[in-house]
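Given next are the chains, with one letter for each unit.
There are 2 protein chains.
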Amino acid sequence: MMTKVLFFLMAPLAIWGHDLMPVPAKIALGQGRLRIDGNFRVELTGYREARLEEAAARLTENMSRSTGIPMRPGASPAALLVHCERASAAVQAAREDESYRLVVTPQQARLDAANPLGVLRGMETFLQMVDLDAGGFGVTAAEIADQPRFQWRGLMLDVARHWMPLDAVKRTLDGMAAVKLNVFHWHLSDNQGFRVESQRFPKLAGMGSDGHYFTQEQVREVIAYARGRGIRVIPEFDMPGHATAWFVGYPELASGPGPYTIEREWGVFDPAMDPTREETYKFLDTFIGEMAALFPDAYFHIGGDEVNGKQWDANPRIQEFKRAHGWTNKEKSNEELQAYFTRRVQTLVRKHGKKMIGWDEVLTPDLPRDVLVQSWRGQKSLAAAARQGVDGILSHGYYLDLMYSAADHYAADPLGDGASDLNEEQRQRILGGEAAIWSEYVTPELLDARVWPRMAAIAERLWSRQDVTDVADMYRRLDVVSRELEWLGLTHVSQYEKMLERLADGGPVAPVRTLAEVVEGVKEYAREEVLKYTSFTPLNRLVDTARPESQVARQFAVLVEARDVAKMREWLTRWRDNDARLAPVEASSELLADDAEISRELSAVAAAGLQALDYIQAGQHAPAEWTERQTALLEQAKKPKGVLLLSVEPPVRKLVELAK
Amino acid sequence: MMTKVLFFLMAPLAIWGHDLMPVPAKIALGQGRLRIDGNFRVELTGYREARLEEAAARLTENMSRSTGIPMRPGASPAALLVHCERASAAVQAAREDESYRLVVTPQQARLDAANPLGVLRGMETFLQMVDLDAGGFGVTAAEIADQPRFQWRGLMLDVARHWMPLDAVKRTLDGMAAVKLNVFHWHLSDNQGFRVESQRFPKLAGMGSDGHYFTQEQVREVIAYARGRGIRVIPEFDMPGHATAWFVGYPELASGPGPYTIEREWGVFDPAMDPTREETYKFLDTFIGEMAALFPDAYFHIGGDEVNGKQWDANPRIQEFKRAHGWTNKEKSNEELQAYFTRRVQTLVRKHGKKMIGWDEVLTPDLPRDVLVQSWRGQKSLAAAARQGVDGILSHGYYLDLMYSAADHYAADPLGDGASDLNEEQRQRILGGEAAIWSEYVTPELLDARVWPRMAAIAERLWSRQDVTDVADMYRRLDVVSRELEWLGLTHVSQYEKMLERLADGGPVAPVRTLAEVVEGVKEYAREEVLKYTSFTPLNRLVDTARPESQVARQFAVLVEARDVAKMREWLTRWRDNDARLAPVEASSELLADDAEISRELSAVAAAGLQALDYIQAGQHAPAEWTERQTALLEQAKKPKGVLLLSVEPPVRKLVELAK
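If you read the protein sequences in the order shown, they are chains A and B. Heads up: the first sequence runs through residues 1 to 660, numbered per the working numbering. Heads up: the second sequence runs through residues 661 to 1320, numbered per the working numbering.
Read the hints as simulated data drawn from the structure, not as lab findings. Note that CB positions come from ideal geometry on N, CA and C, so glycine has one too. Relax, there's no trap hidden among the hints.
Derived lysine-lysine pairs resembling DSSO-like cross-links, with alpha carbons at most 27 angstroms apart: (1) A:Lys170 / B:Lys1158; (2) A:Lys654 / A:Lys639; (3) B:Lys830 / B:Lys1158; (4) A:Lys498 / B:Lys1158; (5) A:Lys170 / B:Lys830; (6) A:Lys498 / B:Lys830; (7) B:Lys1320 / B:Lys1227; (8) A:Lys523 / A:Lys641; (9) B:Lys1299 / B:Lys1183; (10) A:Lys567 / B:Lys1227; (11) B:Lys942 / B:Lys1015.
For each label pair, taking beta carbons as the anchor points, the in silico distance ranges come out as: (12) B:Pro1168 / A:Ala75: 36 to 44 angstroms; (13) A:Ser420 / B:Ser736: 53 to 61 angstroms; (14) A:Glu54 / B:Lys1314: 51 to 59 angstroms.
Put together the whole structure using the sequences plus the hints.
What follows is the structure, encoded as structure tokens:
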């Protein structure tokens, strides 16, 4: 709830006293509240277009849904007066004005923006400001002047490894709009699937997708949906590697002999396009032409990552081609060959009116500079590009599938680390960042829980001032935005509940929840080392249900810091006793079969924590021998149990140390 | 989970040992399980049609969603072999064969049915049989021979008082199919809204709906969606009363001078169609003709309920008409006038090829017998109709909006009470029943929680044998089906969680939940006596959030019966302490402002219960003076607090009595 004291704040102080996420550039809270009731109405003035009318209707509907207040038809005075100066670009561009000014008084709110993009951003802010107090729903008076720090704030969604249907994509766009993201990067092809209809090459999706692909009509629907929310849509067709799914229908594109089938496993595979055949470029010319017409955005992503070169090495004709070009260094010749391919593809992309994007690997010394590099390698790689005069965006640090905490992502800054010593002109080349959700371990039912709410922390990093870095306040607001996202239709909370129910299968859910709340999946790529996963492996176990980041562990760590013994004892007791409660549920649910060890460990660790509390409360030093035993126990608990980590180990260790 | 003992059971014993709802007519559980994994596949043999293909795909998809198992493409052996004999009627009719036979062995399941309706019912049974045990997901071997007891098993949905959008209708149909209901009765017009497009009379929806109506294309979509699930769609256009929304666009239809506006309040209103003008019938002839073509079902509902006659009494021309017809008895003349109207309308309905349905009031001695009476009055009224040779269905006892318990609804039998002494021929005239959800206090967000899971208990009453009456087992299975319905997309659980969050507005949800779990809204029509509600009154308070029937109160009553002192103490302590925990949340949420009294009362009642336990455990008799004071407290607690009831009062009273 917003406090009602009048003061003018600049970030980072601005982050106190309101629940907005991302934090606006400038905010001053005022006195009194604008009441929200059934007479709420938006009035549009100035430049008008259908997108604005729809946004106003959507704002009203979203507000009605989250408050439960039905809005009356009819002509009450407008509660929110919107003024838009002029149209934005016909096709949303990277460098557009997204600023807005929002002034809320107890009588009325007024939103001013140069163009519809600013209006859309300001409306999201207004919606976030609606809250409840003892007087009812309302918006605390405030003056906000806001614009983004970075012009490129995106999310890459991999719909290739696991198919994500249309409604999942739309939900994702709803969430993106809510936190002011503006680029939807659609990873549409990979070894495991080719996910968009090509009319010129129908066997791409026809044979490469198990029937799970977007029709061109659906693509247009998504683009319109995104544009309505101020979001650009950039397609990615990964080449020359990550392309097995293309070869199922068109094996002649590959560098090795076919036939090919859709890959069902994860990892880097050998098949790669043949960069030496002119037919490859003829195919790509036609294909890129078709897709460039379908996707209006100025940018076009060609992937370009992770070619292992094995097919190239095994093909005598390709070997000969390399020799003929003088690429004879065994270490580098495949890089040189890929650079050749990238230049050729860039020419095609340019021919069809687009600017090329590729992952780090595409950046080679002789590539023309009209390219944008998306860096999975980090700020240093990005800085190197910027120094070469190449635009870049950061994705390193923003891979949501690696199961890092929101705080970890929040700490990654496109202009931080290896990019912090750039000069102003070079800094301008770093356009922003994109989170990425690779879908090896993500199904449609898991998508929201893997993206949200952590995505909102990244969105704030990309929108808000660089000095907005208070992690505790970020988490406080993340809880709020997480609830708001559920009202928009995201399912990261509700689906979690259903998955817990599934694990318990009619048995008591409480002990399953208690365990799920304090475990996390292993981080980075550790999961694939434990078990052989394929695209048909069910993702319905505890590791899938558990949140990427344990909220309870975080909260417990706060209790330890605060020495809140009573609450610690409550938690520790529940954890100690949980294994006995869980046992009968485990016995009748195969989905819980792998979790016995970590459940026992939770009990043991909690018992150690309780003993530590006993020593602390008694004012005694724990005997060295006891400490030694507990430390050994905690060392053991620190290790992954299969694919699971016990996330309360660090704060309990802290307790054991305090008891020394 | 199904037990694995081989025994052959007939209902009611059949209700033990499985989770099916409705209970099938015959079930014998076998030994072993059919494993459900990613190779699950349905194969159709015999008669084929698109509806069956879609049903097979839907079954696979629903199973995949609820288990979290992705299904592999490709030709594994079919796990479920379906054989369908022949087509069902082109337009689903009331008297069609819905029987099926389902045999599950550890190797394969086989479903046989005479027509697609039986296949659809059998597939729902198979889906309900999927569960999880220590070996994974599977279906316990069984032989089932099943058919419904009643041919007419419906739900009436009022989309007039509160608008219910298309997705809410579709969700409802999904739920209906899951529990084998087969009639969707769509209450499309009332004083508060005319909800379907008429091309002949565009002002009906154009002026009578605030823009919230179904286009004819959407109607066709709903009909196709329902047919795909074996559900008939019957429209209701209520006349001559309950018709104010018609008069907004066409005031000449009314018996009193206009102009008219959409009603915003609840109750019975004066406006009624003018039964004396031939223009009225000309209008209705055209309108019914248009709607009869749009809705293929053989039945057409004309409402006919609750005409208060005031406009008729106030209109001299209508008075004169009655005199001319010799209807001069002041008490009965309006009934006679309505009977005249009903006969005229019935002629029109028949002319357009339909059979008329009306509420009790339409049944008058000289009405031709080709009518079906829907009884809100009860079995006696239905029996009277049956004795006159008129078909009937029961809705009395099945009004879901009256906030009765599932057990109450479960006890109502179309052939019970006043209909129990009919002869066989008369019994055949009672076709079944329809639940009804009138929407005065139901918004789209509340719809699922007001219909489900209680609807499933009524569905069982209408499908299963009359002697399936074990209430405790019904509740056990209702919990299971409730979870299954959420997997289908119903939101009665997830929306409840969101509404609790809304009430707490970022504060702790736990004390709000504790209170919400033990209160119920007042029953029947008591709510309107407490507060003046309109269609714009937000339904977002505790009374709306609370379930119609407190599960916790029911469970606590079981603990009292079982004398489970430890668990009772746990609950009572939580309730006693809840008021203090809730107070700070109440102080900052206007939505909780009315709940202070009942929260305090919960604490007081729980304290009484704890003291009673103390006496019981100490083996002492409570002093008479103490008993007297607690009884007075409980008398007070029994009374509604505004619109809320404290549902744990009866079991705590039991404890106080035990302590005597």
